[in-house]
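Take the sequences, apply the hints, and build the full model.
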Amino acid sequence: MTALRIAVGFKVTPDYEALRPADWARAATGHSAHGEAVRYVRRVFNVFDEAALELALRLRDARAERGLETSLVAFSVAGREADPFLVTLQALGYEGARVEPDADLDFAPAATAELVAAATRRLGGEVLLLGSRCGPGDTGLVPFLAAEALGRPNLPGVTAVEPAADRLRVTFSAGDRALRATITPPCVLAVGNALVSMLRVPTLKDRLAVRDSVITTLTPEDLGVDVPAALSREPSALVGLETIDRSRAGVVVGGATPGEEARALYEEHLRARLERI
Amino acid sequence: MPLSREAIVEGLRRIVGPDAVVTDEKVLVESSVDNFRKLQNIFDVHTMPVPAAVALPADTAQVARVLTWANDNGVNVIPRTGATATEGGLESAVPDSVILDGSAMNEIVKVDPYNMQATCQCGVPLQALEDRAREHGLTTGHSPQSKPVAHMGGLVATRSIGQFSTLYGGIEDMVVGLEAVFPGGEVCRIKNVPRRAAGPDIRHIVIGNEGALCFITEVTVKLFPYFPENNVFLGWTLKDMGLGFEVLRDVMVNGYKPSVARVYDPGDAGIHFSHFAAPDDCVLLFMAEGAAGIAKATADGIQAIVDQHPECTQVPSEYIETWFNDLCWDASKIIAEDERIRQTRNVNRTTEISADWSSINEIYQAAKQRIIDEIPDITMMGGHSSHSYINGTNMYFNYFFNVVGVGPEEETEKYYLPIIGIICEETLKRGGSIVHHHGMGKARAPWVKDEYGSSYFMLETLKRSFDPNGVMNKGTIIPL
Chain A
1 MTALRIAVGF KVTPDYEALR PADWARAATG HSAHGEAVRY VRRVFNVFDE AALELALRLR
61 DARAERGLET SLVAFSVAGR EADPFLVTLQ ALGYEGARVE PDADLDFAPA ATAELVAAAT
121 RRLGGEVLLL GSRCGPGDTG LVPFLAAEAL GRPNLPGVTA VEPAADRLRV TFSAGDRALR
181 ATITPPCVLA VGNALVSMLR VPTLKDRLAV RDSVITTLTP EDLGVDVPAA LSREPSALVG
241 LETIDRSRAG VVVGGATPGE EARALYEEHL RARLERI
Chain B
1001 MPLSREAIVE GLRRIVGPDA VVTDEKVLVE SSVDNFRKLQ NIFDVHTMPV PAAVALPADT
1061 AQVARVLTWA NDNGVNVIPR TGATATEGGL ESAVPDSVIL DGSAMNEIVK VDPYNMQATC
1121 QCGVPLQALE DRAREHGLTT GHSPQSKPVA HMGGLVATRS IGQFSTLYGG IEDMVVGLEA
1181 VFPGGEVCRI KNVPRRAAGP DIRHIVIGNE GALCFITEVT VKLFPYFPEN NVFLGWTLKD
1241 MGLGFEVLRD VMVNGYKPSV ARVYDPGDAG IHFSHFAAPD DCVLLFMAEG AAGIAKATAD
1301 GIQAIVDQHP ECTQVPSEYI ETWFNDLCWD ASKIIAEDER IRQTRNVNRT TEISADWSSI
1361 NEIYQAAKQR IIDEIPDITM MGGHSSHSYI NGTNMYFNYF FNVVGVGPEE ETEKYYLPII
1421 GIICEETLKR GGSIVHHHGM GKARAPWVKD EYGSSYFMLE TLKRSFDPNG VMNKGTIIPL
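Protein chains in written order, with this note's numbering: chain A, 1 to 277; chain B, 1001 to 1480.
Just so you know, these hints were derived from the structure itself, not from any lab.
A hint or two may mislead.
What the hints assert, rightly or not - Here's a subset of chain A near chain B, in silico, CB distances under 10 Å, partners left out:
no., residue
1, Pro14
2, Asp23
3, Ala25
4, Arg26
5, Val41
6, Glu54
7, Phe144
8, Gly192
9, Asn193
10, Leu195
11, Met198
12, Arg207
As the list claims (entries may be wrong) - Below, computed lysine to aspartate or glutamate pairings styled on EDC-like, alpha-carbon distance capped at 20 Å:
no., chain 1, residue 1, chain 2, residue 2
13, B, Lys1257, B, Asp1280
14, B, Lys1257, B, Glu1362
15, B, Lys1296, B, Glu1321
16, B, Lys1333, A, Glu50
17, B, Lys1191, B, Asp1300
18, A, Lys205, B, Glu1130
19, B, Lys1333, A, Glu17
20, B, Lys1333, A, Asp15
21, A, Lys205, B, Glu1229
22, A, Lys205, B, Glu1374
23, B, Lys1222, B, Glu1321
24, B, Lys1429, B, Asp1377
25, B, Lys1257, B, Asp1300
26, B, Lys1414, B, Glu1425
27, A, Lys205, B, Asp1373
Said to hold, decoys possible - Computed spacing ranges between beta-carbons, pair by pair:
no., chain 1, residue 1, chain 2, residue 2, range
28, B, Arg1013, A, Leu208, 52 to 60 Å
29, A, Asp61, B, Glu1135, 31 to 39 Å
30, B, Asn1348, A, Asp176, 31 to 39 Å
31, B, Lys1026, A, Asp61, 52 to 60 Å
32, A, Tyr16, B, Gly1017, 43 to 51 Å
Cβ coordinates follow ideal geometry from the N, Cα and C atoms, glycine included.
Below, the structure written as structure tokens:
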């Protein structure tokens, strides 16, 4: 049985939960306003990436129970803000790497995907796990474009991965259906709403054991990626973000009879909504 | 002859009415613990005796009748309102206890902007009272992290403190008067006056009694003018907790009253501030508030003090303001934390103590090192000081561990209690207090005699006098 190397690409994002409504409005009014509004917010793992990182650890553990060797590498296209997260991942058994971009890659899926694909080639990884999407304004295109650049199949909406002899048994969702596929790497797996969504936590002793570990730092040049050229090939450009008003309120629907109440409910509250669908 | 469970339920139904007595098994099982054994509720594995019923009295008269009946029949009563306790104070330590839940007594009786005080029943959520005060441009000044979910009765009963305590004080500084019911059914009202010297301050028999002496039915608290537009936020990074304590001391000794004054150690800072603090950085932060002149003078004074320490590196105030705006725990955060524990078995616990300026850093260093050395599976060991006084400060130990090799029901015995033990030992050794603001509950009750020393006589006498039959929250403050 051959060893398997799994690469997981992850992104560190602002903790949008920590933003007040006023900051949200500012964050969602456009590209530059977004950057300003989230500058002072603490960083967290993108939730889908966090699930991908834990799924990879569980796949490693499951393979180890069968005597199968697995190595893990985690990387992020990011600045130094990703380093504390990479240290945590090293303590969990990942090798850590960071691709330092020379341009702002927020809302730039094509350029990001080129870097992700190139990093995967450089760092190795028959299986590339990525989160399906990231924060507000994310297109969800990166896994598809990275798979295309790597010349690999991509399974979207992955919710579980298990070892199956030489292969992997992958559970994923397509529309409202859950499907299971047995595949042979190489492949790209885009992790969606997995039940396992939270990363385990290393102990202080785990951290101490890797305190001398080095985070590999790569530049686009190291990877042979011309970022400005890649940016010029972006299929679309973000020109603005708007928050969707999801506020709710309760009202008492009046009427002398159930029929009158139903009519009032339809006329006053449902008709306009139904017409917008 | 103790009453049967059926007789207890029947007795309660006669007093508060059948609709106000809950006997649903799931509710009872969940009510057998509080957040001290929160893993038992998260994983639905329970080990504590199941209460006989949860009773929800509608008014003070019903509370008095329940306590009279319980006292006559030797039924253990556990007073509760918002159920946010963290130290086992709401655990049913003995079988067939009654949870006397004041959450249905939730009327804001009066907001009096002229006399700057508000009266409310015990089951009023602090957030509700705060919202009402804000309608008048006022604030309670009380803001524990549990503000959205905690109720006024419980906050007074546990001697709560809020995040702005350095300016407004703890709940004991805010309570003007109150009403409480004692086991024999005696209803006592302490009137609302600015101050009096008519003997001992009997408010303090009630404040912090943790349901071990009486049931609080109503409280009157002070109100303060609210000037959020004047808030000034200040923050620094530094490499040494000892220096952080020194700066806090300088600020307090020089008479400044910031509403928030904190120093975080590197571990704790890593949770909140890793987007601007290095892994070995401590974070020192302040918020000045109040009328414009006061807020500005406070901020200027603090700035001048910290400027005398070139080891402190100032950070943009927006970092501190953004952190501040996300401080409180609401229901969604509690649900998210429970899910994280369920998936990762990584548990966050806290223990808060206080000591004078001479001892606090030693206690922090000694306890931290012992916990790292002696307790397995620790994933983060740190803490912060968040409530300072002219003569000392508190230390809020904040720690995480993975629950490994034992079931969720054994988490307290394997990890939590041994950690509490270390912190209590190191604190008592240096003359500090083992509880700053969470209450003794049942978790820290084993250390009560060491905590009180010779004054334990007074505590024991209070318990014997007010609760001679021992029916009030057995095992809380004074162990079984």
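Okay, the hints, checked on the actual structure:
1. Pro14: Cβ of proline 14 of chain A sits 8 Å from chain B, so the hint holds.
2. Asp23: holds (8 Å)
3. Ala25: Since the shortest Cβ distance to chain B is 14 Å, the answer is violated.
4. Arg26: With a closest approach of 12 Å, the arginine 26 of chain A hint is violated.
5. Val41: With a closest approach of 6 Å, the valine 41 of chain A hint holds.
6. Glu54: holds (8 Å)
7. Phe144: The hint is violated - phenylalanine 144 of chain A has no Cβ within 10 Å of chain B, the shortest such distance being about 28 Å.
8. Gly192: Status violated, d = 17 Å.
9. Asn193: violated (13 Å)
10. Leu195: This interface hint holds because 9 Å falls under the 10 Å limit.
11. Met198: holds (4 Å)
12. Arg207: holds (8 Å)
13. B:Lys1257 to B:Asp1280: With a Cα-Cα distance of about 28 Å, the restraint between lysine 1257 of chain B and aspartate 1280 of chain B is violated, given a limit of 20 Å.
14. B:Lys1257 to B:Glu1362: At roughly 25 Å apart (the allowed maximum being 20 Å), glutamate 1362 of chain B and lysine 1257 of chain B break the hint.
15. B:Lys1296 to B:Glu1321: Cα-Cα ~16 Å, so holds.
16. B:Lys1333 to A:Glu50: This hinted pair holds, its Cα atoms lying about 18 Å apart.
17. B:Lys1191 to B:Asp1300: Violated, at about 40 Å.
18. A:Lys205 to B:Glu1130: violated (44 Å)
19. B:Lys1333 to A:Glu17: holds (10 Å)
20. B:Lys1333 to A:Asp15: Answer holds: lysine 1333 of chain B to aspartate 15 of chain A is near 13 Å, not above 20 Å.
21. A:Lys205 to B:Glu1229: Distance of about 46 Å is beyond 20 Å: violated.
22. A:Lys205 to B:Glu1374: Judged against 20 Å, a Cα distance of about 12 Å means the pair holds.
23. B:Lys1222 to B:Glu1321: violated (26 Å)
24. B:Lys1429 to B:Asp1377: Measuring from Cα to Cα gives roughly 26 Å; hence the hint is violated.
25. B:Lys1257 to B:Asp1300: It holds: about 12 Å lies between the C-alpha atoms, which stays within 20 Å.
26. B:Lys1414 to B:Glu1425: holds (17 Å)
27. A:Lys205 to B:Asp1373: holds (10 Å)
28. B:Arg1013 to A:Leu208: 52 to 60 Å: holds (59 Å)
29. A:Asp61 to B:Glu1135: 31 to 39 Å: violated (55 Å)
30. B:Asn1348 to A:Asp176: 31 to 39 Å: Given a distance of about 36 Å, which is inside 31 to 39 Å, the answer is holds.
31. B:Lys1026 to A:Asp61: 52 to 60 Å: At roughly 34 Å between Cβ atoms, aspartate 61 of chain A and lysine 1026 of chain B fall outside 52 to 60 Å, so the hint is violated.
32. A:Tyr16 to B:Gly1017: 43 to 51 Å: Holds, since tyrosine 16 of chain A and glycine 1017 of chain B (Cβ atoms, about 46 Å apart) stay within the stated range.
Checked against the numbered hints given earlier, the structure breaks hints 3, 4, 7, 8, 9, 13, 14, 17, 18, 21, 23, 24, 29, 31 and satisfies all the rest.
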